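Here the protein sequences line up with chains D and A, keeping their order.
For the first sequence, the working numbering gives the first residue as 1, with consecutive numbering after it.
For the second sequence, the working numbering gives the first residue as 1, with consecutive numbering after it.
Hints are computed from structural coordinates only; laboratory data are not their basis.
So, partial list: chain D residues that the calculated Cβ filter (under 10 Å) puts toward chain A:
| no. | residue |
| --- | --- |
| 1 | L160 |
| 2 | I162 |
| 3 | P164 |
| 4 | V165 |
| 5 | D175 |
| 6 | P178 |
| 7 | V185 |
| 8 | E186 |
| 9 | T188 |
| 10 | H189 |
| 11 | T190 |
Please read these numbers as outputs of a predicted model, since none were measured by experiment.
All C-beta atoms in this analysis are idealised placements derived from N, C-alpha and C, irrespective of residue type, glycine included.
Protein chains: 2
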Amino acid sequence: MTFTTAHVSISLDGFIAGPGQSRENPLGIGGMRLHQWHFRAGEPGYEANVAARDDLLRQRGAYVMGRNMFGPIRGEWDLEWRGWWGPEPPYHAPVYVLTHHARDPVEMEGGTTFHFVTEGFDAALAQAREAAGEREVAIAGGASTIRQALRAGAIDQLTLDIAPVLLGSGERIFDGVPDRGFEPVEVTHTRHATHVRYRVGGQPDGPVG
Amino acid sequence: MTFTTAHVSISLDGFIAGPGQSRENPLGIGGMRLHQWHFRAGEPGYEANVAARDDLLRQRGAYVMGRNMFGPIRGEWDLEWRGWWGPEPPYHAPVYVLTHHARDPVEMEGGTTFHFVTEGFDAALAQAREAAGEREVAIAGGASTIRQALRAGAIDQLTLDIAPVLLGSGERIFDGVPDRGFEPVEVTHTRHATHVRYRVGGQPDGPVG
Numbered sequence: 001m002t003f004t005t006a007h008v009s010i011s012l013d014g015f016i017a018g019p020g021q022s023r024e025n026p027l028g029i030g031g032m033r034l035h036q037w038h039f040r041a042g043e044p045g046y047e048a049n050v051a052a053r054d055d056l057l058r059q060r061g062a063y064v065m066g067r068n069m070f071g072p073i074r075g076e077w078d079l080e081w082r083g084w085w086g087p088e089p090p091y092h093a094p095v096y097v098l099t100h101h102a103r104d105p106v107e108m109e110g111g112t113t114f115h116f117v118t119e120g121f122d123a124a125l126a127q128a129r130e131a132a133g134e135r136e137v138a139i140a141g142g143a144s145t146i147r148q149a150l151r152a153g154a155i156d157q158l159t160l161d162i163a164p165v166l167l168g169s170g171e172r173i174f175d176g177v178p179d180r181g182f183e184p185v186e187v188t189h190t191r192h193a194t195h196v197r198y199r200v201g202g203q204p205d206g207p208v209g
Numbered sequence: 001m002t003f004t005t006a007h008v009s010i011s012l013d014g015f016i017a018g019p020g021q022s023r024e025n026p027l028g029i030g031g032m033r034l035h036q037w038h039f040r041a042g043e044p045g046y047e048a049n050v051a052a053r054d055d056l057l058r059q060r061g062a063y064v065m066g067r068n069m070f071g072p073i074r075g076e077w078d079l080e081w082r083g084w085w086g087p088e089p090p091y092h093a094p095v096y097v098l099t100h101h102a103r104d105p106v107e108m109e110g111g112t113t114f115h116f117v118t119e120g121f122d123a124a125l126a127q128a129r130e131a132a133g134e135r136e137v138a139i140a141g142g143a144s145t146i147r148q149a150l151r152a153g154a155i156d157q158l159t160l161d162i163a164p165v166l167l168g169s170g171e172r173i174f175d176g177v178p179d180r181g182f183e184p185v186e187v188t189h190t191r192h193a194t195h196v197r198y199r200v201g202g203q204p205d206g207p208v209g
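Start from the sequences, fold in the hints, and give me the full structure.
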């Protein structure tokens with residue numbers, strides 16, 4: 001089985017995006033604060049965050065991405081929309097985007113191609129695993145796609161960057177997710193975030209129930 | 001100002017007690033799983049949890065406790081009720097219990113006295129600080145009392161034992177809490193929990209907003 005991971009930043013109160021997401025503010029109100037550790041990694045005081053950033057940006061064989069992460073969440077997306085990331089997105093691999101609207105693949109610079117999948121999460125994951133071969137598949141986000149992946153038992157390793165921030169409301173990832181066992185296998189931290197890598201399906205205390 | 005702390009175990013999905021709390025199951029369904037790291041600290045595989053347990057049980061000068069943590073949460077409590085902890089509770093200090101029902105103090109073995117405060121959280125905290133003098137006050141729980149304390153800005157240090165467990169529903173502690181800044185100042189972990197000590201009011205990324 002293809003090793004499948006997800007790596008997301010989460011607030012102390014459990015949100016991976018703030019309220020009021022929009023084209024102007026895709027992470028929602030306050031959502032950018034979850035990612036300070038990342039954008040500033042390597043700066044003075046943020047040196048120890050580099051390893052977590054490197055893990056986040058580690059090259060995967062393919063990605064699965066939700067519609068809301070790919071484009072603005074209100075209304076139909078513009079068929080000219082090519083993602084938030086400019087001409088050369090940081091994926092450098094096929095990205096399978098969940099959507100209700102069929103669209104031809106969009107080939108970007110640097111090896112990223114966005115494929116649009118209208119048959120749902122399982123189909124997108126199957127295509128990503130096929131494309132990745134022996135390499136890893138990452139569930140890129142957003143919240144609802146990670147929830148779907150967790151509910152489906154599709155994630156082998158979940159890394160959370162727990163940012164010391166309260167957002168008050170927004171998008172959660174664990175709602176409706178059955179507990180298959182999470183085992184913390186690596187924990188690193190700085191003043192700016194606590195990074196916990198969980199093996200999903202680990203049961204440190206014996207059978208879950 | 002008296003140094004005021006809280007130390008609670010919390011699930012990966014943000015609950016400090018499960019659903020369906022009752023006299024028979026005061027932590028709610030699954031809630032006991034949050035505390036495995038504590039009850040088993042020192043056993044093989046749990047050695048590194050001893051420091052977190054020692055912090056949890058560290059002697060404070062006085063405690064503030066919610067009504068639901070002191071006694072069963074359904075119906076009027078029995079005036080004979082003397083807490084969940086048997087004749088010698090682990091507090092060894094005055095404990096100020098929030099309640100709507102006046103009651104004479106209950107003196108237990110080992111130095112614990114339960115005082116019943118009907119004037120609300122601020123009054124209970126003031127009495128606890130008075131009793132503690134130079135020593136520390138702990139907000140013992142449960143969830144609603146910790147929420148009140150966080151909302152009031154009364155907590156200087158919050159320690160979370162993040163248990164690798166999903167409870168699905170139950171009691172949260174951050175709802176309606178304004179973000180005064182949380183700075184992780186110490187992180188330890190085992191396979192069974194990630195322990196994060198936050199300085200509340202810390203602002204590692206500059207002004208919060």
